[in-house]
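Modelling step: build the complete structure from the supplied sequences, incorporating the hints.
The working numbering puts the first residue of the sequence shown at 8, with every later residue one more than the last.
It cannot be assumed that every hint is accurate.
[Unchecked claim] Below are the EDC-like pairs computed for lysine to aspartate or glutamate, each with C-alpha atoms no more than 16 Å apart in a straight line:
(1) K30 with D107
(2) K97 with E143
(3) K27 with E236
(4) K287 with E236
(5) K358 with D297
(6) K252 with E171
(7) K364 with D322
(8) K31 with D107
(9) K298 with D264
(10) K16 with D173
(11) K287 with D307
[Said to hold, decoys possible] Okay, the calculated beta carbon distance ranges per label pair:
(12) N119 with Q95: 15 to 25 Å
(13) L356 with K73: 24 to 34 Å
(14) Q223 with G282: 13 to 23 Å
(15) K73 with T101: 16 to 26 Å
(16) E227 with V24: 20 to 30 Å
Rather than coming from a laboratory, the hints here were simulated on the basis of the structure.
Beta carbons: idealized from backbone N, C-alpha and C, even for Gly.
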Amino acid sequence: MSEFLVLIKETIEKLLVILKDPKKIACRVRIITSHWDPDSIACVVLMQSLLRFFGFKSVEVYIPGKPDNFVQNAEIVNHFGLRNVISQLKEDFTNNLLSDDLLIFVDTPNPNDSRFPNSSMIRPHIVIDHHARPGEMVERNENEWYLYYSCGACVSILTALMIELDVFKSMNDRELRNIATLATLGILADTRKLTTRHTKPIDCEMLAFLSKYSDQETIEQISSSNYSEAFLDALGIQRNRWERKGNILLFRAESSDSIQGAEDNMIRITELLMGLREVKTLYVWALQGDKIFIKARNSDKSIDLNSELKRIFGDKNGGAKDKSSGGALLDVGILSEISEENRDNLLLLCKAYMHKKIFGK
Numbered sequence: 008m009s010e011f012l013v014l015i016k017e018t019i020e021k022l023l024v025i026l027k028d029p030k031k032i033a034c035r036v037r038i039i040t041s042h043w044d045p046d047s048i049a050c051v052v053l054m055q056s057l058l059r060f061f062g063f064k065s066v067e068v069y070i071p072g073k074p075d076n077f078v079q080n081a082e083i084v085n086h087f088g089l090r091n092v093i094s095q096l097k098e099d100f101t102n103n104l105l106s107d108d109l110l111i112f113v114d115t116p117n118p119n120d121s122r123f124p125n126s127s128m129i130r131p132h133i134v135i136d137h138h139a140r141p142g143e144m145v146e147r148n149e150n151e152w153y154l155y156y157s158c159g160a161c162v163s164i165l166t167a168l169m170i171e172l173d174v175f176k177s178m179n180d181r182e183l184r185n186i187a188t189l190a191t192l193g194i195l196a197d198t199r200k201l202t203t204r205h206t207k208p209i210d211c212e213m214l215a216f217l218s219k220y221s222d223q224e225t226i227e228q229i230s231s232s233n234y235s236e237a238f239l240d241a242l243g244i245q246r247n248r249w250e251r252k253g254n255i256l257l258f259r260a261e262s263s264d265s266i267q268g269a270e271d272n273m274i275r276i277t278e279l280l281m282g283l284r285e286v287k288t289l290y291v292w293a294l295q296g297d298k299i300f301i302k303a304r305n306s307d308k309s310i311d312l313n314s315e316l317k318r319i320f321g322d323k324n325g326g327a328k329d330k331s332s333g334g335a336l337l338d339v340g341i342l343s344e345i346s347e348e349n350r351d352n353l354l355l356l357c358k359a360y361m362h363k364k365i366f367g368k
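Here it is as structure tokens:
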């Protein structure tokens, strides 16, 4: 976390000037995020808690749309009683802004975010986001403070910021448990349980810190409320593309015009499918030219994915040291030279081979 701490040390004094300004504290604060997901929900609630620590009284929270687009959103809102805490961001929002209102964006990069219900969102005073800084989002004066840091979940940044500002020490046990649980859910969701390529050390470190205070039973309950297999049916994904036994899922991806294109598609698929509530170990494969490409993900800490990939596909294959991701490459050789009309037969052969390798029957 040293890189992040250095960044914070360089800029936190400017933030403190804003947070400790009596005129700012007396203002109405509007905290906004552009979308509903567990990370964004956690961000707005943590930001509200941070501001109240510094004495802000009038702190309002806004998100466009409703939380019903994703099962976990509704579960989180209901469990933590947030329906009366978070207001719906509507098209006329900017019409009701006062000149001295303090506007804060979290998990949202800039006013041009296409997910806002209108195209006239004004420039914020504070931004905390975990994506690349847009070129136009550079502080213009002492009333603006923008923090962009690339990592898996935006709430990891807010958690680290609150640690640095000693916010957690002021919380009672119940508030600390709720805040830690919300933040944990946000990190687990946005990093796909620390398996996405965007996951950084700060995500792992903040998750470890929060685990001391969070409600593990609630986390397990809500984390398991991701979409089910019916989600794949709703997307129109053919049943013959995938099969699941227990918490292991095997999925066939389409081939692409290029190896890079195929691998990019497989990475996107793995990130999506790790959200299925029944899945802890995932193998995605695609026949590309004369090779079978395999991407694997795993959230079951009892399984060493590196060892599993070597056992199943040979010693030249393997995974990351954290046991959560890996891949394999198999050469089908002369079989790839069959005519195009027999390509389906080759796919069936590869499918049977992969089934036997993964499920053993």
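So which of those numbered hints doesn't the model satisfy?
-> 2, 3, 6, 13, 16
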